[in-house]
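2 protein chains.
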Amino acid sequence: MTPSTEAPKLTKNQTLVYRALKSAEEPLSAYSILDQLRDDGFRAPLQVYRALDKLIEFGLIHRLESINSFVACRHPDCGTHEMVAFAICESCNRVIEITDDAMASNLASLARANGFSVSRSTIELRGLCDTCRVH
Amino acid sequence: MTPSTEAPKLTKNQTLVYRALKSAEEPLSAYSILDQLRDDGFRAPLQVYRALDKLIEFGLIHRLESINSFVACRHPDCGTHEMVAFAICESCNRVIEITDDAMASNLASLARANGFSVSRSTIELRGLCDTCRVH
DNA sequence: CTCCAATATGTTATGTTATTACGTACGTTG
DNA sequence: CAACGTACGTAATAACATAACATATTGGAG
Chain A
1 MTPSTEAPKL
11 TKNQTLVYRA
21 LKSAEEPLSA
31 YSILDQLRDD
41 GFRAPLQVYR
51 ALDKLIEFGL
61 IHRLESINSF
71 VACRHPDCGT
81 HEMVAFAICE
91 SCNRVIEITD
101 DAMASNLASL
111 ARANGFSVSR
121 STIELRGLCD
131 TCRVH
Chain B
1 MTPSTEAPKL
11 TKNQTLVYRA
21 LKSAEEPLSA
31 YSILDQLRDD
41 GFRAPLQVYR
51 ALDKLIEFGL
61 IHRLESINSF
71 VACRHPDCGT
81 HEMVAFAICE
91 SCNRVIEITD
101 DAMASNLASL
111 ARANGFSVSR
121 STIELRGLCD
131 TCRVH
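For the record, the sequence lines run as chains A and B.
For the first sequence, our numbering gives the first residue as 1, with consecutive numbering after it.
For the second sequence, our numbering gives the first residue as 1, with consecutive numbering after it.
Check the hints yourself; a few may be wrong.
Under 7 angstroms between C-beta atoms, here's a sample of chain B residues computed to sit facing chain A [claimed, not checked]:
no., residue
1, 44
2, 64
3, 65
4, 114
5, 119
6, 120
7, 122
8, 126
In short, the hints are calculated from the structure, not lab data.
Idealized CB from N, CA, C, for every residue including glycine.
Using the sequences provided together with the hints, build the complete structure.
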């Protein structure tokens with residue numbers, strides 16, 4: 001669960017999936033990754049999902065639950081933060097990663113005050129990035 | 001998008017779906033609602049999804065994106081808040097709705113500072129409710 | 001180096017969630 | 001009643017995800 005601090009050596013499939021995500025401008029679904037990797041020998045969804053699981057475990061990518069898609073982490077130290085929020089632009093689909101430790105502890109406190117102990121949080125914001133808002 | 005302030009009159013299907021959600025202790029998936037309503041004449045997913053869409057529009061239920069499920073709103077005035085966070089217990093699956101306007105504006109400001117204008121937010125916390133934590 | 005165990009991979013099938021497309025019924029309003 | 005909007009019924013299919021099982025590869029322990 002906790003991302004490893006070591007730089008793990010990626011396997012072939014993991015490398016291919018990671019590369020696809022890193023070079024994408026937008027989050028990709030598992031099946032669109034699969035389509036991209038047909039020429040590299042990928043045939044079945046499981047090949048993608050297994051690689052995705054490992055990459056998440058390594059902290060190299062994130063899953064965006066609200067859109068069933070995945071992004072490469074652009075925020076190399078995010079493993080050191082408790083909370084990551086994702087701002088997903090509804091126009092260009094680009095994702096901004098936001099971390100703020102104070103916000104994280106506020107949210108955890110708020111939950112505590114409501115009788116809940118947080119172990120993991122999903123925060124996904126929809127709206128417009130400044131670039132798209134101007135246009 | 002914005003929940004209506006009027007109390008809308010629900011249709012037959014909407015009533016059945018809403019009743020199922022209100023009487024459930026846990027969030028329900030669309031397909032488990034479908035199964036529950038077979039005896040009431042439901043035959044196809046679309047009957048459920050259409051009712052769910054309307055109920056969400058009316059502000060009577062919420063969708064939990066991280067678990068592809070739906071809950072009746074237990075927090076009647078949540079339409080007046082900008083942000084609702086859901087705390088989902090990983091043991092009993094019950095959901096606590098949390099609203100906090102200060103937190104909402106902090107989160108919006110944080111996003112603004114990161115070049116993003118929020119229109120809608122998904123905040124779903126996983127962990128344990130106090131009841132389950134004690135046991 | 002060899003054997004073992006752990007991990008990674010390949011493949012088929014299936015399960016789960018959600019939407020498209022098309023047609024019918026029904027209530028409201030002019 | 002005619003025209004319109006909304007709801008409903010049904011079949012098909014798309015999109016997302018996992019189970020189950022077999023084979024291959026890798027990396028120590030002895």
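Verification of the supplied hints:
A cut of 7 angstroms between beta carbons decides the hint on residue 44 of chain B: the least distance to chain A is about 22 angstroms, and the hint is violated. With a least beta-carbon distance of about 9 angstroms to chain A, the hint placing residue 64 of chain B at the interface is violated under the 7 angstroms criterion. With a least beta-carbon distance of about 4 angstroms to chain A, the hint placing residue 65 of chain B at the interface is held under the 7 angstroms criterion. Checking residue 114 of chain B against chain A by beta carbon gives a least distance of about 5 angstroms; that is within 7 angstroms, so the hint holds.
A cut of 7 angstroms between beta carbons decides the hint on residue 119 of chain B: the least distance to chain A is about 4 angstroms, and the hint holds. The closest approach between the C-beta of residue 120 of chain B and any C-beta of chain A is roughly 4 angstroms, which is under the 7 angstroms cut-off, so the hint is satisfied. For residue 122 of chain B, the interface hint holds, the least distance from its beta-carbon to any beta-carbon of chain A being 4 angstroms, beneath 7 angstroms. Among the interface hints, the one on residue 126 of chain B holds; its C-beta lies about 4 angstroms from the nearest C-beta in chain A, closer than the 7 angstroms criterion.
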